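Number of protein chains: 6
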Amino acid sequence: MSSSSPPTSNGGGGDHEDEWVWNEIKAEARRDAESEPALASYLYSTIISHSSLTRSLSFHLGNKLCSSTLLSTLLYDLFLNTFSSDHSLLSATVADLRAARQRDPACISFAHCLLNYKGFLAIQAHRVAHRLWALNRKPIALALHSRIADVFAVDIHPAARVGKGILLDHATGVVIGETAVIGNNVSILHHVTLGGTGKVGGDRHPKIGDGVLIGAGATVLGNVKIGEGAKVGAGSLVMIDVPPWTTAVGNPARLVGGTEKPKVHDDVPGETMDHTSFIYVI
Amino acid sequence: MSSSSPPTSNGGGGDHEDEWVWNEIKAEARRDAESEPALASYLYSTIISHSSLTRSLSFHLGNKLCSSTLLSTLLYDLFLNTFSSDHSLLSATVADLRAARQRDPACISFAHCLLNYKGFLAIQAHRVAHRLWALNRKPIALALHSRIADVFAVDIHPAARVGKGILLDHATGVVIGETAVIGNNVSILHHVTLGGTGKVGGDRHPKIGDGVLIGAGATVLGNVKIGEGAKVGAGSLVMIDVPPWTTAVGNPARLVGGTEKPKVHDDVPGETMDHTSFIYVI
Amino acid sequence: MSSSSPPTSNGGGGDHEDEWVWNEIKAEARRDAESEPALASYLYSTIISHSSLTRSLSFHLGNKLCSSTLLSTLLYDLFLNTFSSDHSLLSATVADLRAARQRDPACISFAHCLLNYKGFLAIQAHRVAHRLWALNRKPIALALHSRIADVFAVDIHPAARVGKGILLDHATGVVIGETAVIGNNVSILHHVTLGGTGKVGGDRHPKIGDGVLIGAGATVLGNVKIGEGAKVGAGSLVMIDVPPWTTAVGNPARLVGGTEKPKVHDDVPGETMDHTSFIYVI
Amino acid sequence: MSSSSPPTSNGGGGDHEDEWVWNEIKAEARRDAESEPALASYLYSTIISHSSLTRSLSFHLGNKLCSSTLLSTLLYDLFLNTFSSDHSLLSATVADLRAARQRDPACISFAHCLLNYKGFLAIQAHRVAHRLWALNRKPIALALHSRIADVFAVDIHPAARVGKGILLDHATGVVIGETAVIGNNVSILHHVTLGGTGKVGGDRHPKIGDGVLIGAGATVLGNVKIGEGAKVGAGSLVMIDVPPWTTAVGNPARLVGGTEKPKVHDDVPGETMDHTSFIYVI
Amino acid sequence: MSSSSPPTSNGGGGDHEDEWVWNEIKAEARRDAESEPALASYLYSTIISHSSLTRSLSFHLGNKLCSSTLLSTLLYDLFLNTFSSDHSLLSATVADLRAARQRDPACISFAHCLLNYKGFLAIQAHRVAHRLWALNRKPIALALHSRIADVFAVDIHPAARVGKGILLDHATGVVIGETAVIGNNVSILHHVTLGGTGKVGGDRHPKIGDGVLIGAGATVLGNVKIGEGAKVGAGSLVMIDVPPWTTAVGNPARLVGGTEKPKVHDDVPGETMDHTSFIYVI
Amino acid sequence: MSSSSPPTSNGGGGDHEDEWVWNEIKAEARRDAESEPALASYLYSTIISHSSLTRSLSFHLGNKLCSSTLLSTLLYDLFLNTFSSDHSLLSATVADLRAARQRDPACISFAHCLLNYKGFLAIQAHRVAHRLWALNRKPIALALHSRIADVFAVDIHPAARVGKGILLDHATGVVIGETAVIGNNVSILHHVTLGGTGKVGGDRHPKIGDGVLIGAGATVLGNVKIGEGAKVGAGSLVMIDVPPWTTAVGNPARLVGGTEKPKVHDDVPGETMDHTSFIYVI
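Chains as they are written, first to last, in this note's numbering: chain G, 1 to 282; chain R, 283 to 564; chain L, 565 to 846; chain W, 847 to 1128; chain H, 1129 to 1410; chain S, 1411 to 1692.
To be clear, the hints were calculated from the coordinates, so they are not data collected in a lab.
Quantities reported herein were computed from a predicted structural model and do not represent experimental measurements.
Beta carbons: idealized from backbone N, C-alpha and C, even for Gly.
Some hints could be false.
[As the list claims (entries may be wrong)] Within a straight-line C-alpha distance of at most 27 Å, the following computed DSSO-like cross-link-like pairs (lysine-lysine) qualify:
no., chain 1, residue 1, chain 2, residue 2
1, R, K308, H, K1154
2, H, K1335, H, K1353
3, S, K1635, S, K1617
4, S, K1436, G, K26
5, R, K489, R, K507
6, W, K1053, W, K1071
7, W, K872, L, K590
8, L, K789, L, K771
9, G, K225, G, K207
[What the hints assert, rightly or not] Have a look at the derived ranges for each label pair, beta carbon to beta carbon:
no., chain 1, residue 1, chain 2, residue 2, range
10, W, I954, R, H298, 51 to 57 Å
11, R, R536, L, S649, 54 to 60 Å
12, G, H87, L, D650, 46 to 52 Å
13, H, D1214, R, N305, 26 to 32 Å
Between the sequences and the hints, there should be enough to build the whole structure, so can you do that?
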């Protein structure tokens, strides 16, 4: 996996890393276009013809999320303008691309993730919706939310706050509520719900710490805290706080691991994740 | 939430209420168009340009559910004709809109629900499919069923009977079988299955009473009866009858609450729902 | 159900049976077109106008899975060429059609399945993606995988090996990992995950024997073996081997049935399935 | 050509004739669908599935004239509402269909004309634009005008008044100005201009009498009068009045025929037109 | 027509005028949207939602000229980038808008011209194709040329040089060859050909002076010079030089007017054009 | 222009030449894709990804001529099947491509002609319509005719017989009637009409000999014979026979040249055409 790292990587990443990843993506797309002429048109229109990752991603999302009443040109404009107005969005995108390469063994290239991962695309579109929401442009943020839910079957309320280095693996059926907060380097499998309980309105959804891993089909309800590095087993129902570096499994969930601090799972390129067997699903 | 009620509401609703809600929707859409020019085209084409809620909804569903082999004009016609031939459909639509406003704290306006809630749209399209099924127009009912399942990831057999005041919240992954019956004022979260067991053919799916609440990811199997006002916990697997005003949780489910009769949850505008914490997910 | 069998059926099927099923499909479509003029255009374009099941299916999949950057004509070509180059694909298609007719009481005709069953369509498209993957045409296989996941919310890694006579019922949310293997005559309900655990890369997904039945929402994780004729209950979490003709239920799953050998569930046309009540969901 | 006449035709036509023509069209379309399965989908969606000629025509025009910013559903609605509000539009449509059958030897059926004649379709859409103009809905009339000019390359100002029984043969490049008036039973070939001169604004375009025939590429300029039954030669440039039953040819045009009164060319079903050889082009 | 002039107009125009015209267009579109809700969606998406004339025009052209193999997003980008890289393009656009308002009595507003005039739109797209040609990006210039010819039936070779203040009235069928040069403030009616003769390659097309007027259907062939302020009659065939302020008419053309110098026809807002009657066609 | 000839060309052409031209086209498209990334997607989808000229052309025509009611996949099938069933169609295509390269100085490559020349594309689609007509599949031939007339503004009756080596230059507005016959190596400019006169039905349209050249806007009417190598001047109106190697000009046309036999204008690669100056327009 050394090929997925820039030659002189420093922890902070930044423009240099963004540029390196974009060059990798274009090189991958060119190789694929060379080997598979039937796909070349797709690869040129989505990647190779673009001058930047921001443009490529805006183009791809505009064409993915458009409908007969929300034109691709309008959405392309919206994505391009939003990404251009806040450069932290691009660095989050790059962190998500690296997360997929490092944590998902089925991810064979950055280009593969950029084009084909519905979880990746849903998160990028969500960040734009979130920024529009923060600017009090709620109607358009909700229209975008609706298109993401229709097209990717991923339902993230535009108000939800999401960190970077996120892997939404498979992604179908993920539901994340309005007051949820997700840290950095979090991995969430398909059918995961971060839902609310009881209170109408107010702060009612989970807070997910950095480096957390939530297995397929897990349901986390209420304003509970899932601590840094914690793990939630597939199919679990969690309505309690989970301490850092602890594992919760079962319906309802009980705590089964804990206290030991593993390595943060994306700071070492090429690491082998040591997931408890019943949690992770790829 | 007083703004979501007509000035002189009577329990029965009717044409007066339908008209009031439609006027609210148009006013909301106009406010949104004013504040967000990028969305104005969408709001005019889907809402403001139409002379009635029936036309607006038929137009929106026609454009949402069309494909290259099922044209939007054909579907628009089908929806318009069906809604026009049975006025009870419109009053069910209005009851569903009010249900979303009253029960979902994330629903900020009727227009938001009408345009963006895939659960709401899936239910409206289902009612049309159901009516076509009842008229023995099964092939077209099933084609519509298929489009709803593709576009919204909501799979309701056209034969299933569904009441009014329904909230399908988030909605992705909901599956409702052929002989299921759902009462009025029911709330169903995403990933809920009302499925069959054993018998091939025949009456084999759940019967859901009025005012029932079914949490995210719950699976209810077989011709069981979920009594009026009962609640089913998120992630539960229910294969037994649940008495009225009782709560079922767990996999397999056990009964945990019961007997106390709460207020019917939508007859008091602005009520605060008192949901058991592990059930409700928004 | 005798109408769904060719007059002189032999166990092996083959070209004779393929032709019989295709003739049935066209006859069904013609009857539906006759009775429902509003659907006739759809039925002619998808079925009646085609000279073979291969062409009809390639046309329908091309129009279902296309996007603005992956044209229907390109996909149609890809499907047609792949189906033509490997005739075993067509016999698998026919076996799947028969599986739907025999095992799903809601399936009223072959044409209904061909046109409307997202699980059926996802499996057919997957087989093409799998063949492209086997030919080392990975980028286009993954692009197809992505379209299937977007359009049908069914996520089957192109490397996964899938037998014939498969019923993916309802299908929304099904996720099947890279090294999974599925035998013949398997029935899988919606929201089922055949996922990996722990190991990054390598053989890490379930192996599903012939005639297995996996209930809605079940999660099977790791390189475990689900033996021939076994059953997995709805909502179960399985991380252990399940012996042949045995039933696993619960979260985590325990074994509850076993040893008795039922009839293989599709070799007797018109059989009544004797499913344990908590497993099957239609 | 007796097959193109109702069994008991009276000169006035009316609802009886409209119904007869619509039944003919459906019968023709059914015959064509029977003989050509590849076209059946098109014939069902455009003709056979519709309950009236008004609906069929509105559907066809909506799908022909739509664009990504003017949706087919919107145009369909506009056509349907306008045709429904003024029944004289339908009788003009029927007269135009009969004109094509009687005067154009290349017209093999009413259905052929309804579906494929761009001149016929442009005239029908123009009548709707004209009515909207008359209702002072100028912006939408001009938007429609623009779509007709783009799609059919026929440019008729919405204010122009056009009679019934019109044949625009081939039609490409026809331009008809704002204050032009065209009588009944007029035949106009392709590339014909009815244009203005000199005056800015005011009544500045030709007035075409009943039964006039204008050859291909002819240009008629200014507020001149082309008398009843007159003929204009192909390629002529006419800036003078042409008396009734007279022929004008040349660039600039001179009068060459005249005074003899032929039969009005559509009151005798099946008549053989006796056109001067250098005028008519089909 | 004073309403079509900025309050403090100076001959040179420039940014101030561009801004004034854009504000007029938006005000017109808002008035039209107010009065015609059915058109509001179209007007918002094409005009009102945009922040500049450049964006509005690029959006409109992208949606007009796109095809299934040349996406609207790609074309939008191409137009936007080209207009942004050369500000003289926008001032030519504004001059063309003013030309339509001043010279075409059927033009009721700037917005009408911007949205609906195929001649205006063809010229704007041509200027972009011409710039791409000048940058030696010939293949994309020719692809654009082809789309303009398909969509608007206007065929201008990308190498042709075209001034500003151009009115292509009706525009269908206009053909302008590779080495043609057109001055400023020229009016060209539909079906006009500026074609080549004899020589293969080389400078072989007409040179049209400032303020020239060419009537409908006129054909001008060869490297001839049509002098400043000259007029060419409708239907003429011109293969000779036409001196300034002279009129050519007939097939073949002869010179009939001359020497008197009229006012340049667009420097006085609101002027009444004094066209010789047989030339002009609107 | 030697680059447009195969190294070992023999007069007859045949498969060898077809293959050579297709290889040239792919090489041109690859060069263009290399130099212009924005166009690469278009070039790959239309040319580079295809295995033969027949497939590339069928794909391109299917996408050009499709509509919402005539799907691209259906048309692609129709073109592919028809081209495959009659190999003479392909050699006519190749002859037309060579005609454009040799006779039109604005044609810079075969790929340019294949993708962008509406006259070339209209002729190829016409040949398919003609073959369908000959097979008595009239309704679909006429539907195709209608699409060609809408999309390219070229109106060729499907019954008209057209040779090979045809150049329809610019092409907009060309109208060719039902009983017209066109020989080989004919060049026809835009706005040319080959029309009928007088007789209703029967053989009533022009017969055009080999190597004829018809200038822009010329109108030829009636069952007249234009002899081999003859020329018709731009804007002429011809209603008489024109002897071989003779030129007709004027309205009405008179004969002005004659008897001298020029070289057949496409048998010498790179020839310089010696057209009488008033005829030819490019």
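Now for the hints, and whether the structure bears them out:
no., hint, in the structure
1, K308/R <-> K1154/H, "holds, 23 Å"
2, K1335/H <-> K1353/H, "holds, 5 Å"
3, K1635/S <-> K1617/S, "holds, 5 Å"
4, K1436/S <-> K26/G, "holds, 23 Å"
5, K489/R <-> K507/R, "holds, 5 Å"
6, K1053/W <-> K1071/W, "holds, 5 Å"
7, K872/W <-> K590/L, "holds, 23 Å"
8, K789/L <-> K771/L, "holds, 5 Å"
9, K225/G <-> K207/G, "holds, 5 Å"
10, I954/W <-> H298/R: 51 to 57 Å, "holds, 56 Å"
11, R536/R <-> S649/L: 54 to 60 Å, "holds, 55 Å"
12, H87/G <-> D650/L: 46 to 52 Å, "holds, 49 Å"
13, D1214/H <-> N305/R: 26 to 32 Å, "violated, 49 Å"
Violated hints amount to a single one, hint 13; each of the other numbered hints is respected by the structure.
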